[in-house]
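Using the sequences and the hints given, assemble the complete structure.
Residue numbers for the sequence shown follow numbering that gives the first Met the number 0, so the first one is 0 and each next one is one higher.
Hints were generated in silico from the structure; no laboratory data involved.
A portion of the hints provided could be inaccurate.
Taking CB as the label site, the calculated pair distances span [stated by the list, open to error]:
#1 Glu-348 to Gly-411: 30 to 38 Å
#2 Ser-88 to Leu-293: 41 to 49 Å
#3 Arg-236 to Pro-410: 18 to 26 Å
#4 Thr-254 to Asp-355: 16 to 24 Å
Heads up, the beta-carbon is just placed ideally off N, CA and C, and yes, glycines get one too.
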Amino acid sequence: MIKLSPFDTFFLALRPIQRLFFYDDGDGTSLPPFPSLASSLRASLGATLAVFTPLAGKLTACSDDHDLAIDCSPGAVHPGVRFVEAEYSGDAADMRRLARDVEHDTEAFLQLVPELEVGRLPAPVLAVQVTRPAAGGGAVAVGVSMHHAAGDGQSLWQFMRAWSTASREGSLAGVAAPMFDRAGLLRHPKARDAARNLVRFSAPELPKVNTFPEPDWTRQSRRTYLVTAGQIQSLKRRIVQSAKNGDGEQNHPPTTYVAIASLLWTSIVRAKSVDNAADDEEYFLFPADCRRRLQPPLEPGFFGNCIKVRYARATTGDLVRRDGDNDDDGLARAAAAFRRAIREHVEEEDPLGDADRWVDVIRGVPRERIAKQGSSHRFMAYEVDFGWGQPSRVELVSVSSADMTTLLGAPGGAVQVSVALHRSHVDGFEASFLAQVSA
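Given below as structure tokens:
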């Protein structure tokens, strides 16, 4: 049994992390025949699970005190991970279109990732689906679903790197061993009680889990954009210059994350500002990785959740263009809000010091005023090569809330930005986003 920490149980009620990877013929590579491809993926998955064994286990309640654990016993692991071979209704050209379009075809994407039942314990931790087109070859999609209470985005990419290496190289010899044990986290004086409180919040009637409802994707528009390395550097320079000319706090260039998060936040608020007063408060929730902020820091191979959700706060008037502003003043004020939040709530805090109040944080921020960001530009998703080249597109299919944004690292130092917004706001967002990123 691997007992879960409060970092894990915080995500108990969320939908699984569902990642989708598209591959096709091109750039001098050719996909193997589907039976051979699927067989190779299945065999390399088995070899990888021999090292990442808990992913074949079950998330389970292990006592009446709302303790949760991943059961790695032979009985829990023996059935293995569900591996689905599927056929998409369209042809290879249709699948390439899915991988190319700015606007997501959410209904099609959902057909390409495996279902993972998380509403009742014991629950599986991982499922995999590989899908070919109904007619012809030349395209394939690999979908992965992982229970969020078992691991965060960094952990998922750790697994994907190992699996793709096993498929491509035929060996895991060069892959660092994962470390699943949470004992160091659970030694914190607040950890065990906080983990149980979070379970009581999400699952007061175990084994049932009150999962958060999925947003109505028929009312959402989901789109993907690419911010180039040059555009990122331009954003950073403009934020610094605007801060020097105004009341900002930026003494040196912001990080890539802060620059892009400021771009996203201002674009979302400007798209919705017609509904809001200038002194209304706006919140932007973001994940802070705590692996190296703990004392002692976690080992580099740690597999699990170790992110803390924090938020930046500003008024609508701070983020939209005021009279007398130049185009970048809102960006600079957003960046200053992120710097304050990171300094006060990430850099200067014991990551678990307020774990007994995390439920209050969840309840305390008005949902209609929140934009959220998930994933990270540090995740090099386009390096997931199973032996037939890099993916043509990688997307997060599971979206836990409205007004959601995600980041991924892209080739050439670019950052992929995906957004899920209400259809009435997405065109306004896009106009602001493209105007600011191209200025």
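Output the indices of the hints that this structure fails to meet, ascending. Result: hint 4 breaks, nothing else.
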